[in-house]
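Order-wise, the sequence lines are chains L and S.
Heads up: the first sequence begins at 1 in the UniProt record's numbering, then just goes up one per residue.
Heads up: the second sequence begins at 1 in the UniProt record's numbering, then just goes up one per residue.
Treat the hints as calculated values from the structure; they're not laboratory data.
Note that the coordinates shown come from a computational prediction; the quantities given were computed from them, not determined experimentally.
Ideal Cβ placement from N, Cα and C applies to all residues, glycine included.
Don't take each hint at face value.
[Unchecked claim] Taking beta-carbon pairs under 7 angstroms as the criterion, some of the chain S residues facing chain L (in silico): (1) F16; (2) L19; (3) G23; (4) P119; (5) F121; (6) H143; (7) L145; (8) E147; (9) R204.
[To be verified] Pairs of lysine-lysine, DSSO-like flavour, derived with a Cα cap of 27 angstroms: (10) S:K109 / S:K198; (11) L:K101 / S:K9; (12) S:K9 / L:K100; (13) L:K180 / S:K9; (14) L:K78 / L:K221; (15) S:K198 / S:K217; (16) L:K221 / L:K131; (17) S:K109 / L:K278; (18) L:K101 / L:K180; (19) L:K100 / S:K12; (20) S:K53 / L:K131; (21) L:K101 / S:K198; (22) S:K109 / S:K217; (23) L:K180 / L:K100; (24) S:K12 / L:K180.
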Amino acid sequence: MQLKRYLSLSEILIIAFLLALTSLVVLPFLYMFAVSFSSPSESMAGNFYVWPQVWNDDAYRYLFSSTRFVLAIWNTVKLTAMGTVINLILSVTLSYALSKKFLPGRRGMMMLIFFTMLFGGGLIPTYLLVKWLGLVNSLWALILPGATNAFTVMVMKTFFQGLPESLDEAARIDGAGELKILLHVVIPLSMPIIATFSLFFMVSHWNEFFGAIIYLNDTSKWPIQPLLRQMVLVGSSNISAEAAIDEQLAATLGANVKMAAILIAMAPIVAVYPFLQKYFAKGALVGSVKE
Amino acid sequence: MNTAVRRTKFSKYLPFYLLAAPGMIYFILFHYVPIWGIILAFQDYSPYLGVFKSEWIGFENFIHFFNLPDFKVLLNNTLILSLCSIALYFPFTVLLSLLLNELRSVLFKRIVQSVFYLPHFVSWVIIAGITLIFFGPSGVITHSLEEMIGRTVPFMMSEAWFRPLIIFQSIWRDAGWGTIIFLAALAGINPEIYEAGKMDGAGRLRSMWHITLPGIKSTIIILLLIRLGHALDSNFQQVFLMSNNLNIGVSDVFDLYVYRVGLQQGSFSFGVAVGLFKSIVSLVLVLGANRLAKWFGEDGIF
Chain L
1 MQLKRYLSLS
11 EILIIAFLLA
21 LTSLVVLPFL
31 YMFAVSFSSP
41 SESMAGNFYV
51 WPQVWNDDAY
61 RYLFSSTRFV
71 LAIWNTVKLT
81 AMGTVINLIL
91 SVTLSYALSK
101 KFLPGRRGMM
111 MLIFFTMLFG
121 GGLIPTYLLV
131 KWLGLVNSLW
141 ALILPGATNA
151 FTVMVMKTFF
161 QGLPESLDEA
171 ARIDGAGELK
181 ILLHVVIPLS
191 MPIIATFSLF
201 FMVSHWNEFF
211 GAIIYLNDTS
221 KWPIQPLLRQ
231 MVLVGSSNIS
241 AEAAIDEQLA
251 ATLGANVKMA
261 AILIAMAPIV
271 AVYPFLQKYF
281 AKGALVGSVK
291 E
Chain S
1 MNTAVRRTKF
11 SKYLPFYLLA
21 APGMIYFILF
31 HYVPIWGIIL
41 AFQDYSPYLG
51 VFKSEWIGFE
61 NFIHFFNLPD
71 FKVLLNNTLI
81 LSLCSIALYF
91 PFTVLLSLLL
101 NELRSVLFKR
111 IVQSVFYLPH
121 FVSWVIIAGI
131 TLIFFGPSGV
141 ITHSLEEMIG
151 RTVPFMMSEA
161 WFRPLIIFQS
171 IWRDAGWGTI
181 IFLAALAGIN
191 PEIYEAGKMD
201 GAGRLRSMWH
211 ITLPGIKSTI
221 IILLLIRLGH
231 ALDSNFQQVF
241 LMSNNLNIGV
251 SDVFDLYVYR
261 VGLQQGSFSF
271 GVAVGLFKSI
281 VSLVLVLGAN
291 RLAKWFGEDG
301 IF
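In isolation and in its complexed conformation, chain L is listed as follows (with noise of 0.2 angstroms):
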């Protein structure tokens, strides 16, 4: 009685049916975590279960202690953390040096950032520009050529522009300079963009796949992903010339080795998620800023 004060029929159907969608996104995420702690022999029975009935952690053992593995965590690392910090650095100081409306060819800068939006080289003439820098088999291909972009940059514009200008006069009065300003003022005000676009650049390194499989030859040099590729996906996806060569080492790996290669690249999202799933919402609806 008590409960059908609060819920409706249609209440109770719109939850029931949102719950089995929440469903359709964590059973593959908990069958791959029940899988990656189980025996091969549970798994390859090829039934699903979301409960091991024998806990095995020999898969992460296996994967901690492979060398292949633990340097493409490191290379990615390395990648995240270099990468962010140079996306940030040159969106911000961009983006503001644009926020100031008295600079002269203000305009013109922006139109020119604009129209990469609209048409761009494509993939070839870009590889070989990074080729002829000499990036090939660098982290640096992966970092440079996506070092900002357009939307970026304007966004963030936009937000300098929101900021009061009576701070930024005063600021100056006591004799800071502008880059004090930048650093001083206008950076620890901008913290909820700041944090928003830190999170996608971060994500997007993270997630690199693709430009290590172009330019870089070494995999030594590889960052997770596309070793996670070969050590799940291919045999499955023999498009790519070396995909034969491992499709032997996919078919060794158990079932349980690959599904925890895949939590533990995800882990670094998942953990860094709840802390900025607050500033989600608002990055994805700067996103809908109109120029």
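We have chain L; now place chain S onto it with these hints.
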């Protein structure tokens, strides 16, 4: 005196030009220099001769491409894939937003949203991996289905299942994320309209149809047009990871073709020509979508 004024003015601007310099150099180097590379499309480029000495062949690369049987296949595959994705992704995302909007428990709503946003941050490699774990030849779903119907369904090894899987992946990954913008639009609807509707005897469904949907109509139109403007852009990583020799007939899209023929087989000039064709058509589509948005009485995308 004039020079003094000019000097103080310049010293006022200088710090900002210095701040802008690295970013502007980036845009010119990594976005405008590659545009210059487009001239390769009109050459028979040889890496040994370089851009300046390679032979000019005019539009030969383009004519060759348009006459290839591949051209029609690529156009078909690309368009069918993106139009089907749009046609299924949009209604589903709108429906999801409407349902979330009906929830009164803030806590439950927040939990559901957190779960729905998460897949957006999962890499395509992992999503393809999960797909293989469930739909692969020895996957859980394939396995249980086999026990039920007595034969194996080749989800990842056939042309028939490629498009459904890609669309399912897109919805699984991004439908939750897509609700953010609709929920914001929904929050902007004046609650008094609902009160008025209730007074006139409108139930939940009726007010959804007559108040909520019209309230987010312009958001839907704008987003739809943006997506249509990008109809030729496939989600490269997704298609790349899901394509294999057995489904290449339906999975070969422009982006994949440029990678395969241009980079892997080393036909640089031809690859640039294909890429350029795609970029120009995309540019026209985006500008057209913007026009159309304005014609619908919306603000337009830019």
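Outcome of the hint check:
Interface hint status for S:F16: upheld, as the beta-carbon distance to the closest one in chain L is roughly 4 angstroms, under 7 angstroms. Interface restraint check: S:L19 against chain L, minimum CB-CB distance 4 angstroms, threshold 7 angstroms, status holds. Below 7 angstroms, beta-carbon pairs count as interface contacts, and S:G23 has one with chain L at about 3 angstroms; its hint therefore holds. Look at S:P119: its Cβ gets to within about 6 angstroms of chain L, closer than 7 angstroms, so that hint holds up.
With 7 angstroms as the threshold, the beta carbon of S:F121 comes within range of chain L, its nearest partner Cβ sitting at about 5 angstroms, so the hint holds. Here the hint on S:H143 is kept, as its CB sits about 4 angstroms from the closest CB of chain L, short of 7 angstroms. Hint status for S:L145 relative to chain L: violated, with the closest Cβ pair at about 11 angstroms, above 7 angstroms. Residue-level restraint check for S:E147 is violated (minimum Cβ-Cβ distance to chain L is 9 angstroms; threshold 7 angstroms).
Taken as an interface hint, S:R204 checks out: its beta carbon lies about 6 angstroms from the nearest beta carbon of chain L, inside 7 angstroms. A hinted pair counts as satisfied when its Cα atoms are at most 27 angstroms apart, and S:K109 with S:K198 qualifies at roughly 24 angstroms. Of the pairs offered as hints, the one joining L:K101 and S:K9 holds, with about 14 angstroms between alpha carbons and a cut-off of 27 angstroms not exceeded. Simply put, S:K9 and L:K100 have alpha-carbon atoms about 14 angstroms apart, close enough for the 27 angstroms limit, and the pair holds.
Distance restraint check for L:K180 and S:K9: the Cα-Cα separation of roughly 19 angstroms lies within the 27 angstroms cut-off, and the hinted pair is therefore satisfied. At most 27 angstroms may separate the alpha-carbon atoms for a hinted pair to count; L:K78 and L:K221 meet this at roughly 11 angstroms. As the CA atoms of S:K198 and S:K217 are separated by approximately 21 angstroms, the hinted pair is consistent with the 27 angstroms bound. For the proposed pair L:K221 and L:K131, the alpha carbon gap of about 16 angstroms is at most 27 angstroms, so the pair holds.
Distance hint between S:K109 and L:K278 is fulfilled; the C-alpha atoms sit about 14 angstroms from each other, no more than 27 angstroms. Between L:K101 and L:K180, the direct Cα distance comes to roughly 19 angstroms. Compliance with the 27 angstroms bound is thereby established for this hinted pair. A threshold of 27 angstroms between alpha carbons decides the hint, and for L:K100 with S:K12 the separation of about 11 angstroms falls inside it, so the pair holds. With a C-alpha separation of about 19 angstroms, the suggested pair S:K53 and L:K131 falls inside the 27 angstroms cut-off, and the hint holds.
Of the supplied pair hints, the one linking L:K101 and S:K198 is violated, its CA atoms being roughly 49 angstroms apart against a limit of 27 angstroms. Restraint check for S:K109 and S:K217: the C-alpha separation of about 23 angstroms stays at or below 27 angstroms, so the hint holds. At roughly 16 angstroms between alpha-carbon atoms, L:K180 and L:K100 fall within 27 angstroms of each other, so this suggested pair holds. At roughly 14 angstroms between alpha-carbon atoms, S:K12 and L:K180 fall within 27 angstroms of each other, so this suggested pair holds.
Going down the numbered hints, you'll see the structure goes against 7, 8 and 21, while the others check out.
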